[in-house]
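Trainee: Sequence:
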Amino acid sequence: MRALMVLGLGLLLAGCGQENAATDNAAPQAAQMQPAPGSPEAAEALVQTYYQAIASQDLKLAFGFWEHPRQSFINFQQDNANISAIEVSFTGEPQTEGAAGSIYITLPVSLAIHYKDGSNGKAKGNVVLKRVNKVPGATEQQLHWQLYDTALSRPAVDR
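So the sequence shown is residues -21 to -1, 1 to 138, counted in mature numbering (1 follows the signal peptide of the UniProt record, and there is no 0).
Hint data in this document are derived by calculation from the structure and do not stem from the laboratory.
Positions of the beta carbon are idealized from the N, C-alpha and C atoms, including for glycine.
A few of these clues could be false.
Cβ pair distances, simulated, as ranges [as the list claims (entries may be wrong)]:
1. Val136 / Ser35: 13 to 23 angstroms
2. Glu72 / Lys101: 18 to 28 angstroms
3. His47 / Val114: 11 to 21 angstroms
4. Asp137 / Gly77: 33 to 43 angstroms
5. Asp137 / Gly116: 48 to 58 angstroms
6. Ser35 / Gly116: 31 to 41 angstroms
7. Gln31 / Ser132: 14 to 24 angstroms
8. Gly77 / Asn99: 33 to 43 angstroms
9. Trp45 / Gly80: 16 to 26 angstroms
10. Ser81 / Ala24: 35 to 45 angstroms
11. Ser89 / Ala117: 26 to 36 angstroms
12. Leu122 / Glu72: 20 to 30 angstroms
Assemble the whole structure, with the sequences as input and the hints as a guide.
Mentor: Right under this line is the structure:
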């Protein structure tokens, strides 16, 4: 929809005899903002969005990124209620592997966690995401990355 509006605006400006440079630059920027659904960049974007949702206490959104949550939503809320900010750093190259119609990607991460009481913590490890590899009958959601597992060190808290 936005692309159609930009295109329409570009045509309108071109009809008025004005330059169309802004429209020419808009399409590449929009394409850069949204990585392809199955790309490593899309997996990294999901991890960033997941931790941003936790930090902003949008815990229903964060919980929804899990393919199969390993805890109840109530426990997830309790575990994350005191977090005020999380900074995510990707610390290595993504590793992908396939298995029986699925693709897994492992992202090495480092987290700087800020708590509401003013303390800070750090955790390191891997976040594993999964998606279906274009098999017949796969849903749109299955073709996108979902959180599969996390293997993070327990946050070391500085008080």
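Trainee: All hints are to be evaluated individually against the structure, with a verdict given for each.
Mentor: Against the structure, the hints come out as follows:
The beta-carbon spacing between Val136 and Ser35, approximately 21 angstroms, falls within the hinted interval of 13 to 23 angstroms. Between Glu72 and Lys101 the C-beta distance comes to about 21 angstroms, which sits within the given range of 18 to 28 angstroms. For His47 and Val114, the hinted distance range of 11 to 21 angstroms is satisfied, since their beta carbons lie about 18 angstroms from each other. The given range of 33 to 43 angstroms is respected by Asp137 and Gly77, whose C-beta atoms sit roughly 40 angstroms from each other.
Judged by the Cβ atoms, the range 48 to 58 angstroms given for Asp137 and Gly116 holds: they are separated by roughly 49 angstroms. The hinted range of 31 to 41 angstroms is satisfied by Ser35 and Gly116, whose Cβ atoms lie roughly 35 angstroms apart. Against the hinted window of 14 to 24 angstroms, the Cβ-Cβ separation of Gln31 and Ser132 comes to about 21 angstroms, which satisfies the hint. Checked against the hint of 33 to 43 angstroms, the C-beta distance between Gly77 and Asn99 comes to roughly 38 angstroms, which is consistent with it.
Our hint of 16 to 26 angstroms for Trp45 and Gly80 holds, since their Cβ atoms are close to 20 angstroms apart. Roughly 20 angstroms separates the CB atoms of Ser81 and Ala24, a value that falls outside the hinted 35 to 45 angstroms. For the pair Ser89 and Ala117, the beta carbons lie near 33 angstroms from each other, so the given range of 26 to 36 angstroms is met. Checked against the given bound of 20 to 30 angstroms, the beta carbons of Leu122 and Glu72, roughly 23 angstroms apart, stay inside it.
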